[in-house]
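Under my numbering, think of the first position of the sequence shown as 1, with each following residue one higher.
Warning: the hint list may mix true and false statements.
[Unchecked claim] With a Cα cut of at most 20 Å, we get these calculated SDA-like pairs of lysine to any residue:
hint, residue 1, residue 2
1, K143, K93
2, K183, W230
3, K93, D35
4, K143, T226
5, K183, Q127
6, K143, D35
7, K183, T203
8, K143, Q127
Calculated directly from the structure, the hints in this document are not laboratory data.
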Amino acid sequence: MVNTPNNPTGTVYDRDTLAGIAQLARERNLWIIFDECDGAFAHPPHTHHPILSVAPQARDRTLIVNSFSRSLALTGWRLGYIAGPKAFISAVKALQTNTTSHPNVIAQHALLYHLRSGDSAFELALQRHIADARTLGLSIFSKLRLVPPPAAQGGFFFYLDLCGLQRRATGDSGEFNADDVVKALLMNAGVATVSGTAFGDPTGLRLSYGIELEILGRGLRRLTATLNEWS
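From just these sequences and the hints, can you work out the full model?
This is how it looks when you write it as structure tokens:
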């Protein structure tokens, strides 16, 4: 499973990394599930590369997964697609037909209208907004003390590494995890976050910056001040 730009970290894989993954898959007879749902949000100088544009020889063992929920801000509509070798897609259809229902008809017609219109103004405006939100957030996070600023190479999440706070709070005892930070930030700063424990990382913290700039700035300033108080 290859997810780039990555959720939750925002990492964007470069061409050499993707080529290496494709080569490994061929050598070990592995399938690649390439999740590029955040592909529209790679932030310069980083560039999103579809894996088959880098390694077309992996086409016979690659499944492409994408969603309109991110690129068109349609979270909750659950509209997306999978592309891959014909035999595999036929098997997926046979399974899906008997396990889940299709997305609602209104959502399908709305998306079909958008695709037929060829108007990309909304996507471009959304990408600009996300880029502006990232810039604002990184500016605020530059004032963090024991927490390094996130890279946020792609997507619309900031992912914070709380290891520095952990060492300050507990020494080597390890009695610290991001779940505690999530609760404290909600109570003390009024900011809702997602614990890295959801991704197998007890010292990580994910924050979405896909909201209005004024609200984002207000929340991140409170969050930064709260984290700095603990340092």
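These are the hints, each one checked on the structure:
1. As the CA atoms of K143 and K93 are separated by approximately 50 Å, the hinted pair breaks the 20 Å bound.
2. Among the hinted pairs, K183 with W230 is consistent with the structure: their alpha-carbon atoms are about 14 Å apart, no more than 20 Å.
3. The straight-line distance between the Cα atoms of K93 and D35 is roughly 19 Å, inside the 20 Å bound, and the hint therefore holds.
4. Among the hinted pairs, K143 with T226 is consistent with the structure: their alpha-carbon atoms are about 12 Å apart, no more than 20 Å.
5. At most 20 Å may separate the alpha-carbon atoms for a hinted pair to count; K183 and Q127 exceed this at roughly 31 Å.
6. Proximity of K143 to D35 is assessed by CA-CA distance (about 33 Å); at most 20 Å being required, the pair is judged violated.
7. Restraint check for K183 and T203: the C-alpha separation of about 14 Å stays at or below 20 Å, so the hint holds.
8. Among the hinted pairs, K143 with Q127 is inconsistent with the structure: their alpha-carbon atoms are about 25 Å apart, more than 20 Å.
Of the numbered hints stated above, those contradicted by the structure are hints 1, 5, 6 and 8, listed in ascending order.
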